[in-house]
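Following the hints, position chain C against chain A.
Quick mapping for you: the protein sequence lines, in order, are chains A and C. If you count the first sequence from 1, position 251 lands on 516 in my numbering, and the numbers rise without skipping. If you count the second sequence from 1, position 123 lands on 388 in my numbering, and the numbers rise without skipping.
Because the hints were derived from the structure by calculation, they are not lab data. One thing to keep in mind: the hints can contain errors.
Copies of the same chain look alike in the list, so a pair counts if it fits in one copy or across any two.
[Stated by the list, open to error] Capping the alpha-carbon separation at 16 Å, the derived lysine to aspartate or glutamate pairs in EDC-like fashion look like this:
no., residue 1, residue 2
1, Lys346, Glu460
2, Lys346, Glu459
3, Lys526, Glu547
4, Lys462, Asp339
5, Lys356, Glu315
6, Lys330, Glu320
7, Lys356, Asp291
8, Lys526, Glu603
2 protein chains.
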Amino acid sequence: MTAPADGSLRRFSLAIDAMGGDRAPDCVLDGLELAAERHPQAQFLLLGDETRLREALARRPRAAKICVVRHAPDTISGDMKPTQALRQGRKSSMRLAIDAVACGEAAGVVSAGNTGALMALAKIVIKTMPEISRPALAAIAPSMRGDVVMLDLGANVQCDARNLVEFAIMGDAFARAVLGLPSPTIGLLNVGSEELKGDDRVREAADVLRDSHAGLNFHGFVEGHDISAGTVDVVVTDGFTGNVALKTGEGVYKLMRDLLKQVFTSTIPARMGYLLARPALERLREWMDPRRYNGAILLGLNGVVVKSHGGTDATGFAHAVDVAMDMVTHGFTQTIRESLSRLAATPATATPAPASPTIAAQQD
Amino acid sequence: MTAPADGSLRRFSLAIDAMGGDRAPDCVLDGLELAAERHPQAQFLLLGDETRLREALARRPRAAKICVVRHAPDTISGDMKPTQALRQGRKSSMRLAIDAVACGEAAGVVSAGNTGALMALAKIVIKTMPEISRPALAAIAPSMRGDVVMLDLGANVQCDARNLVEFAIMGDAFARAVLGLPSPTIGLLNVGSEELKGDDRVREAADVLRDSHAGLNFHGFVEGHDISAGTVDVVVTDGFTGNVALKTGEGVYKLMRDLLKQVFTSTIPARMGYLLARPALERLREWMDPRRYNGAILLGLNGVVVKSHGGTDATGFAHAVDVAMDMVTHGFTQTIRESLSRLAATPATATPAPASPTIAAQQD
Chain A
266 MTAPADGSLR RFSLAIDAMG GDRAPDCVLD GLELAAERHP QAQFLLLGDE
316 TRLREALARR PRAAKICVVR HAPDTISGDM KPTQALRQGR KSSMRLAIDA
366 VACGEAAGVV SAGNTGALMA LAKIVIKTMP EISRPALAAI APSMRGDVVM
416 LDLGANVQCD ARNLVEFAIM GDAFARAVLG LPSPTIGLLN VGSEELKGDD
466 RVREAADVLR DSHAGLNFHG FVEGHDISAG TVDVVVTDGF TGNVALKTGE
516 GVYKLMRDLL KQVFTSTIPA RMGYLLARPA LERLREWMDP RRYNGAILLG
566 LNGVVVKSHG GTDATGFAHA VDVAMDMVTH GFTQTIRESL SRLAATPATA
616 TPAPASPTIA AQQD
Chain C
266 MTAPADGSLR RFSLAIDAMG GDRAPDCVLD GLELAAERHP QAQFLLLGDE
316 TRLREALARR PRAAKICVVR HAPDTISGDM KPTQALRQGR KSSMRLAIDA
366 VACGEAAGVV SAGNTGALMA LAKIVIKTMP EISRPALAAI APSMRGDVVM
416 LDLGANVQCD ARNLVEFAIM GDAFARAVLG LPSPTIGLLN VGSEELKGDD
466 RVREAADVLR DSHAGLNFHG FVEGHDISAG TVDVVVTDGF TGNVALKTGE
516 GVYKLMRDLL KQVFTSTIPA RMGYLLARPA LERLREWMDP RRYNGAILLG
566 LNGVVVKSHG GTDATGFAHA VDVAMDMVTH GFTQTIRESL SRLAATPATA
616 TPAPASPTIA AQQD
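Just chain A, with the same shape it has in the complex:
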């Protein structure tokens, strides 16, 4: 089992909501069987229907070795409102998994269940780190130059400069832990790359990030096309813009995929061409595979919280477990705390300074 970075005596690396997702618990258990190969030293606390889970584990020897089952009599359904989940889900697999993180038994939680309920329960039960004003939702996206971290993806539809600065610090710590980058480059999403572009909010945040001692490798402003170009390792934006950008990108990927499918079945030579190019096209498909990017992460809580897509398969669920394990192993929460304390030590952060007249004059 992995030793927690803060030295406490945690029994479990992760608590797993075994009943969340479209094909739970089988799909979750299949995912853990794959994850067990990559994390043989981990110890997972499995929450759900005890009888079903014991039966399922009996057929999955690798997962059985690293999982401890705890009975949860209830399940939070996909259509339950967050408020309902809070009131009625006290004995649910999701809630008990979150409780295990809150009481320090596990370092993180992975669930493929109801997103709204997971986010709300995690925020209320595990609680936001005292140094962070608002948690953010992050994910990994493919780019021309490797994986890119994006946040916030919708946890905060309205953000101020301070929130954006915190997102940058959390994104930096996440990229170190999960992408293994020693000094990830950070870009702030804007409508242009020049210093005077955008609104006050992004300009103020950029000023703090440029001047701060938070130890961030701040690149400056980036634009929408920089996300898939891989201009920076971490793209920071408010939850409204981030959510729209991520879904727009997914939409264009789907459009291209559907159109290519039509192209390759449109004529007999095109079908033959497809068969010849298939192995090469398969590599592209694997690389862009949404399962490789499964796992949306709620950053800024007193524990690791990863949401797997509800419709994913074992490979996708195992990837979400990988992300959570990377964060736990690399002491993600501790890295954020250190960056925030460095930032707090600088006078610039208390009140983000507006764009200085000198800079404005240079730009005009």
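For chain C alone, kept in the frame of chain A given last:
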């Protein structure tokens, strides 16, 4: 020549900034030679270096028939700031083209020159329609179900509910004129499609659009992936989100195109496959061709203003001219005025009502 919809005695359909863009004036003139085939009844006022333009027209017989040359001694360069263009560009081809619209000589202007300068000069010289508080930048994007109009794409980085409602009205008029749709469906971009999603601004705008007598076919909220799915004909959003979404989509398209290029040259069978599928792939490439979507349109001014991409070729410039001609021919400005007056006749618009408690209760 096209008769203007408002019955005034305009001499020219469009004023053309012949010196704007990377390869002006040749590329502009080649574009007009193509456009002349499709609009033989049009009459264009060509602004630029008289000697060069007369020489260029002598080699382009179709364009020569529909163009009148007027000398402009100066040119606005690509790196000139809008303020500089205002002060120093009074005798430039761009400014004189805009002047021709302002004084009623031409119904619209097309330029491939400096974007910032064009937007600033157009707003100050042609002026915003009295019924509109802020002009918006629109463009056409491809989707699974045909062309989609998107606005605002960056003219206004901060917008309120009233701005979004006006964008919807302008987008509706634009889709009627340019896409030829009798009743375009309008979607408001948001982080979810449920009525309670998003911030106050989008919820207030949705309330007005839902209740108003503006005669709009309002679909409700749409998400990022709905743009390329073609869920609606017109996607309305603020300039910050719209700019990021458009560029993110373009970025993913470029990523896919580059990766496919790599795939098709990676192995010998893949190369052979490409050759077989090539005619079908070419059709896809043509359909997604950025030149087909060339022409960003500044809506809400007392005249038609179309910005062609500076680096486009003759085909792209001709497409920008097509868009401007469609707007002129279909009395675009008049359509907006009619919609706005219908909207003004309803009490709901004066103060957009907040989401009613009834709706909130139903949703919870």
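Problem set entry | Violations among the numbered hints, reported as their numbers in ascending order | 4, 7, 8
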